[in-house]
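Colleague: Each chain, written out:
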Amino acid sequence: MTDAASDPRGMARVLRAPATWALVALAALLVAGAVGSPGFLSVEMRDGRLYGTPIDILNHGSKVAIVAIGMTLVIATRGVDLSVGAVVAIASAIVATLVSQKGVAWPIAMAGALGAALLAGLWNGSLVTFLRLQPIVATLVLMVAGRGIAQLITDGQIVTVRDPAVAFLGNASLLLLPATVSALAVISALAWLGTRRTAFGLFLEAVGENERAARLSGIPVRPVLLVAYAACGLCAGVAGLIDCAYIRAADANNAGQLLELDAILAVVLGGTALTGGRFSLLGSVIGAMLMQTLTKVLYVFDVSADIAPAPKAAIVLAVCLLQSPTFRAACSRHLESARARLRPGTEARP
Amino acid sequence: MKLRPRDLPLLVAAIVLVTAFAAGALRYDHFASVAVVRNLLVDNAFLGVAAVGATFVILSGGIDLSVGAVMAFTGVVVAALVERGGVHPGIAIAIALALGAAFGLLQGAIIRGFALPAFLVTLAGMFLARGMAFAVEPQSRPIRHPFVATTLNESATIALPLGETSTTIPLTVSIGAVTFVVAWFVLRQTPFGRRVYAIGDDLQGATVLGLPVAATTIAVYAISGFLSALAGVVFVLYQQAGDPTACKGLELDAIAAVVIGGTLLRGGVGSVVGTLIGVLIYGLIQTIITFEGTLSSWWTRIVVGALILAFVAAQRGLERVGRRLADA
Amino acid sequence: MLAARGLRKRFGPVLALDSVDLEIRPGEVLGLMGENGAGKSTLIKCLTGLHRPDAGTIERDGRPITLRSPRDAEALGVSTVHQEVHLIPHATVAENICLGREPRRNWLLGGSIRWRRVRERANAALARLGLALDVRREVSTLPLAIRQLVAIARALDIEARTLILDEPTSSLDRDEVERLFSTLRRLRGEGLGIVVVTHFLDQVYAIADRIAVLRDGRLVGAALAASLPRAELVAMMVGRAIAPAAARASSEAERPRAAALSARGLRRRGALDGVDLDVAAGEAVGLAGLLGSGRSETLRALFGADPIDEGAIEVSGRRHSIRSPGAAMRLGLAFLSEDRRGDGILPSLSVRDNLITALQAQRGILRRVGRREAAALADRLIASLRIKAPSASTPIARLSGGNQQKVLLARWLATDPRVLLLDEPTRGIDIGAKADVLALVASLREKGLAVVFVSSELEELAAACGRVVVLRDRRSVAQLRGADVDPSAMLAAVAAAPEGGARD
Chain A
1 MTDAASDPRG MARVLRAPAT WALVALAALL VAGAVGSPGF LSVEMRDGRL
51 YGTPIDILNH GSKVAIVAIG MTLVIATRGV DLSVGAVVAI ASAIVATLVS
101 QKGVAWPIAM AGALGAALLA GLWNGSLVTF LRLQPIVATL VLMVAGRGIA
151 QLITDGQIVT VRDPAVAFLG NASLLLLPAT VSALAVISAL AWLGTRRTAF
201 GLFLEAVGEN ERAARLSGIP VRPVLLVAYA ACGLCAGVAG LIDCAYIRAA
251 DANNAGQLLE LDAILAVVLG GTALTGGRFS LLGSVIGAML MQTLTKVLYV
301 FDVSADIAPA PKAAIVLAVC LLQSPTFRAA CSRHLESARA RLRPGTEARP
Chain B
1 MKLRPRDLPL LVAAIVLVTA FAAGALRYDH FASVAVVRNL LVDNAFLGVA
51 AVGATFVILS GGIDLSVGAV MAFTGVVVAA LVERGGVHPG IAIAIALALG
101 AAFGLLQGAI IRGFALPAFL VTLAGMFLAR GMAFAVEPQS RPIRHPFVAT
151 TLNESATIAL PLGETSTTIP LTVSIGAVTF VVAWFVLRQT PFGRRVYAIG
201 DDLQGATVLG LPVAATTIAV YAISGFLSAL AGVVFVLYQQ AGDPTACKGL
251 ELDAIAAVVI GGTLLRGGVG SVVGTLIGVL IYGLIQTIIT FEGTLSSWWT
301 RIVVGALILA FVAAQRGLER VGRRLADA
Chain C
1 MLAARGLRKR FGPVLALDSV DLEIRPGEVL GLMGENGAGK STLIKCLTGL
51 HRPDAGTIER DGRPITLRSP RDAEALGVST VHQEVHLIPH ATVAENICLG
101 REPRRNWLLG GSIRWRRVRE RANAALARLG LALDVRREVS TLPLAIRQLV
151 AIARALDIEA RTLILDEPTS SLDRDEVERL FSTLRRLRGE GLGIVVVTHF
201 LDQVYAIADR IAVLRDGRLV GAALAASLPR AELVAMMVGR AIAPAAARAS
251 SEAERPRAAA LSARGLRRRG ALDGVDLDVA AGEAVGLAGL LGSGRSETLR
301 ALFGADPIDE GAIEVSGRRH SIRSPGAAMR LGLAFLSEDR RGDGILPSLS
351 VRDNLITALQ AQRGILRRVG RREAAALADR LIASLRIKAP SASTPIARLS
401 GGNQQKVLLA RWLATDPRVL LLDEPTRGID IGAKADVLAL VASLREKGLA
451 VVFVSSELEE LAAACGRVVV LRDRRSVAQL RGADVDPSAM LAAVAAAPEG
501 GARD
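Residue numbers (our numbering), protein chains in the order written: chain A, 1 to 350; chain B, 1 to 328; chain C, 1 to 504.
Because the hints were derived from the structure by calculation, they are not lab data. Where a beta carbon is used, it is the ideal one built from N, C-alpha and C, also for glycine. You may find that some hints are simply not true.
One-sided and incomplete, this derived list gives chain C residues near chain A with beta-carbon spacing under 8 Å [claimed, not checked]:
(1) P325
(2) S337
(3) G342
(4) Q360
(5) Q362
(6) I365
(7) R368
Kindly generate the complete structure, drawing on both the sequences and the hints.
Modeller: Following this line, the structure appears as structure tokens:
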């Protein structure tokens, strides 16, 4: 053993923990933001709710985080769902059209939108489980067609929502925090209960780790896959409602644009590998917040929102490399030989 | 020539293309005209070039999501070099193409070298290229250099005398055509092309047969980067401007065209001829919807989505039939 | 002549090859035999540049050579057809034969492939095998047997002096095997040195001039086929392993008991051709037979992992059609697969999670095995099976093979099964773990479980089982009980030549 790490096993475990790197990056970004702009971390109370950059981050990060939670379940099974952006557009289009143009009461409209999102998820899941299509291809279908369907529903218009109830939901605050954060809290809690208080989480991980072994252990592989995709669709539906309530309109062409990619990045940053298996819901939420924080920090440093994707990509790639076993192996080899060179007295280990 | 099962999707795609065109010709006046066909080619030339790049990557069993962003990046690089830097457009274009190839090469090296999923690496590549595009030019910049406006866009046009109604083929379409021919040659007629198919078909098998798997993979992404840049140049010629917001999501249109053209996303099966048909079907759907007038543009997406599903499901069915045949 | 001298290759804790010396002489067919995990594939991969040996040399005509890739090997005239036919499925026959060494035009013409030359060369290579085939056909549309021949044609397309065939006959029927062998004899006549890896006794005697046997990574012997009796060959293959400490489960075996599990006439295309089997509670029944005789396939069929085409399965006297592992588990069956990595472990999940998967699947999704219950269960099973793991939350992939195997066995014990189907439970694990597993099986049997035990080590079967069903050619052919359950009797039954043209 080398003397570098006094407690190598504990240290290694922390370094290997799913969300560690995302948390480290998040902390670093918050510090950077505070250095760049002294008021970055300050939060103030106005009209019975909190305001400030951290609250903004939570508020805006929540939408991606909710989608990322659903995406986590799918990625855990070694799949991916490219259609979440389109499902967001569909859900937002349905609720806006029903409320504004058909005069449907908002709870029913929302239930309708969530029902449609669930159906979209089941559709994806069926293509994956019964037609045995690759997840990328299966969900590409709805990704391409879904936005068209959303535009069909809104007839290509931006449908504004004047119903005060919906508008209220978009701006309301619960327990001092914006309503979207409460929605995230509820979804997270449900997802955690659903995966960790039942056996669903274990089944997801087993299917993603080794589908054959999961089947031979008696795990109902097909239902598990189906439920994962359905849940992912549902999460995207919730994000669609939030989107609609927040901007008080449904814009089928732009709602949820590129959201699938943001969600996948959030999941990966949170330490869940695209190759399936072990997943971390908390990690995905942190990943989503990390990306939102990054956007804000770049804003503090006068990086325009348009250029922001470039540094984002660099950070994403860095985190992915740190998680890649091949990269780690290469690094530790280099470290090892560098150490051997620095200490001429000691022999290089074979 | 005997019809092989794997040619069936191609045949079906061709039938869809011809049927759609015939339906359009029957339904609308002035549909079956040289002008409509010319516009179809001109409006989809950049998509065609990008789809050829996607064909290489998909045949090798990979995916490249950075296509649209790299197109926008090359576009603004050309615009910035020409209009702000005073560089000759020919040199600017050469630089942009080299940058695109280098970008692809880097992506390929990371994918292969660190065993990271192509999906993830090219996704990061997409964000990176898009951000760099905005860093170079925050807004669309028109290109007014006479070499682009006159020499490339007018002098390089080929006049086609077609009876009384002569027409012109702009440089962009010629670039597209040359790209398809060269890609067909490389994929069909060179050992490199066959290796692309082989590693997409059975990576482990290709390794055991002693093929240079790593070099081929990296080369494929470099080609995709180069062709994305070329598509970006075609787009610049088409728009006469470099726009950092251009071509958002174009990679998915390209992938959709490739899939409709009968290429399996799993890799190993497909052809650049199919991609050509796929691009034309894609363009034709848009043309028909324009002609219909009452049909809105979003029907394009719905039809394309349905086509992808139909083709992929049909291929699944064919595979099963094929396996049963082989077993018997 | 190609020769291996003192080859040694280690994979982690497993010594896959241990000082192996082997000569492959021109104009001779060498049969390479050995059970699973004996090191055949590793040896071949070393000879073809896919693995670099840790020690030892490979010599070509007395000069040491270094093989870095299959290309190096081909350049030196060593050509290989690997076990799973490695051809590119959607490429044509002609392409597959020439892939990676296509004849090209010069650079002025873009270095394009001379397709006509490719087809000519492919036709020539196929003609050498006496095969007429449209070389423009896609390989995936060909029957396996023809693909096999195409793979050999590819191997011959270079100036091969040594041809290595890894299990070339496993997917061929009798006529196809005969055709392949006559081709090999012709090639032998042309002066090629040929290595054939196979596990079929009849076939090795039909084709091989000399037979070499590997076991546990060591060359246990090589002899002229004509001077090596069948029984002796089988004895060399399965070895005389140290008899484990477990008590012989023999004397009380004759009392008639109701069958806990019984199967009649199990058939599945290409896998099983009529297998009968009974096992009673408190009884351990062994399945003996060589690789490919249908041992694993029988267990998989009983567990519902692969559907059967014909046959009846009764559990506790009632007939059931078992369509999925879940259905089998509801009837109290448990199945430990021989493929630990592919069918068993969930590599990055903890030992604890690996332990509870089957129990959890049995209970259903809503009745979660709680954290405390899982911890208690894990502690109990880790202690009682003597699983060596840093902790119950260590990922299972970091355990040794033997301990992984114990975890998988424990996974099934947690479900409280009535019938245990064990496929090679002791393969690839160290001697201590082996003894532990065998002792455990004995105690489970005494507790009243019905056990079906598959092993290629006959000593082990003799020690663990009161009765042995012998499988040959995918069907059950004999049953040994009482005093007959002993390695030499089993050897005789396994090695017996099939009764005059019994197949078909």
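Colleague: For each hint, tell me whether it holds in the structure or not.
Modeller: Here is how each hint holds up against the structure:
The beta carbon of P325(C) comes within 5 Å of a beta carbon in chain A, closer than 8 Å, and the hint placing it at the interface holds. For S337(C), the shortest C-beta to C-beta distance to chain A is roughly 6 Å, which falls under 8 Å, so the interface hint holds. Look at G342(C): its Cβ gets to within about 6 Å of chain A, closer than 8 Å, so that hint holds up. Hint status for Q360(C) relative to chain A: holds, with the closest Cβ pair at about 5 Å, below 8 Å.
Because the beta carbon of Q362(C) sits about 6 Å from the nearest beta carbon in chain A, less than 8 Å, this interface hint is met. With 8 Å as the threshold, the beta carbon of I365(C) comes within range of chain A, its nearest partner Cβ sitting at about 5 Å, so the hint holds. Because the closest C-beta pair between R368(C) and chain A is about 5 Å apart, less than 8 Å, the hint holds.
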